[in-house]
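> If you read the sequences in order, they're chains R and S. For reference, each letter of the first sequence is one residue, going 1 to 87 in my numbering. For reference, each letter of the second sequence is one residue, going 1001 to 1429 in my numbering.
Take the hints with a grain of salt, since some may be wrong.
Stated by the list, open to error - If you want the footprint, here are the derived chain R segments under chain S, 3+ residues with CB under 8 Å:
1. 12-18
2. 26-37
3. 48-55
Stated by the list, open to error - Quick partial rundown of chain S residues pointing at chain R, CB under 7 Å, derived from the structure:
4. R1169
5. I1187
6. Q1190
7. T1201
8. A1235
No lab work stands behind these hints, which were simulated from the structure alone. Glycine residues also receive a C-beta, built at the ideal position from the N, C-alpha and C atoms.
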Amino acid sequence: MGEMERSIESKIGGMDAAQLGQYLDGVMAEHAAAAADTAAALNESDGVIAILKKADNDLTEAGEEIAGMLLHDPPDDEEVATLSIKQ
Amino acid sequence: MAESAAAPGNRFDNFVAQRVGVEPDQVREFRDNARETARAAFDATKSKVIAGAKEGGKLAAEGVKSGWNALQQWRESRANHRTVENGTQQIDLMQAELEGIDQQVLSVPPAEALAMRGRQQQLRGQIGQLATERQKAASALANYHGAKIEQPRAAAEAQANAIRGLNERMRTSEQARDIATANFNAINRQISILDAQGQNTSVLLQKLQQFGKQIEDHTSSINTLNQRLGTAQNALDAIRSKHGKKIQFAEQLRGIQNDGLSGTLAVNRRKPEARLSAPVSELRPEPSAATRPETAAPTARDESSETRPEDLRAIVAGFAKFIGRLPGQLREMLGKLNGVDKLPEKFDTENVIDRWNEFAKQNGSGVKEIGASDKKTLVEMLPTKTNFVDFALAMRLYLRRDSEEVLKGIQGTVQKFLDAEEAKKSKAA
């Protein structure tokens, strides 16, 4: 038996059936609130994962487009000049 | 036209009939039918082809302009990047020199110390100027790349905070589950005691069962949340690992923007062969006829005896049409002929035969040269100015070849003609 259980046991040790029933109602209500918080966090975690996936995709696209353009060596002026583009 | 000159028409029919080995009437009938069919088909598609060519040219011009603008922005961003990089290096060097002077200036003779102080002042001015330039370039870079780098970086950062928050909530939930479990066990034991005392515990047992179910569900949710958080944490770690350089780049840009003297850009350069193949190729569109000033203006046709190359191309295109097909490739070529907005109604027969022979000679197989005596006969047979249908018919009968083979030859001729023109233009440019 853990310390928490011993502490609870000392609290409810003298209770009769009616008192224990009231106590049980109380902990069930508290537990229901905690379970609701957990369910909310669970939903929130879905959003977190979705946004992370999007950030990953966005950064990958940016990586392909920009890292190739700027972080890596861009073409020289001469190369650009060879493009047969005239405005 | 043949109808307007009965005698030449008859002579032509006789000539062809003799060549092909049929009756002149058959030739005439065939010619008349073919003319009508070809004319109707050509008229029906001509305007569509020309409209399509113009629209295609317009789109191509817009594409080139857009690509050009993107290229300019890209070049500016590259220049800004170099300004930031070079500025960082120079500032680092100058700051190192400043520190060196600080260490020496108190232990040198006054004259030297004065010179050092002067140098320090000069360095500080240069550093300030470089820092301003670097800050400006960093701001321009951040603007250029902002949405693409900063937003996902910020999203990942925000989610890192969210993960921390969720982790805290999960720990709270785990504590709540532990307390509930301890309560369950303690209450269960107390119920056993009350039961032994003879008290009525049936309601308590029912409630305890419900409580046990609640705890099970709660535990299941916590386990799922735990897994999700693990997934989210892994995703975040992957982002940091995979996109570290981009995130670092965005953060450095932000740092330099905020404080011109802090932050450095430590980005890896790729080997030259890995350069930007995709963007460059996107910016290198196939030259469009519509974008070439020298061919952009549609020309109104005259009816002079001079047969221009454009006329010949139109004739050849008309010929292809006449023999029953207008393949995509040829249609595309016709579309590129931006100057052809109206086919010539008539052209000089002799001139066109000369042109025909010129290209047949240059391009070899596929198109047969018209011999001197046949040319003479054709010129005599056909009116001095004729239309392309008559000419095409004459050519077809003259060549006495399968349509497919003739078409192939014509396509090659047209393509070579266009290539030769392009080469001339390039050389002239």
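> Hints first: check each against the structure and report whether it holds.
Each hint, compared with the structure:
1. 12-18: holds (count 5)
2. 26-37: As far as the stretch 26-37 of chain R goes, the hint holds, because 8 residues have Cβ atoms under 8 Å from chain S.
3. 48-55: holds (count 7)
4. R1169: 4 Å, holds
5. I1187: Cβ of S/I1187 sits 6 Å from chain R, so the hint holds.
6. Q1190: For S/Q1190, the interface hint holds, since the closest Cβ of chain R sits about 5 Å away, which is under 7 Å.
7. T1201: 6 Å, holds
8. A1235: 4 Å, holds
The structure shown violates none of the earlier numbered hints.
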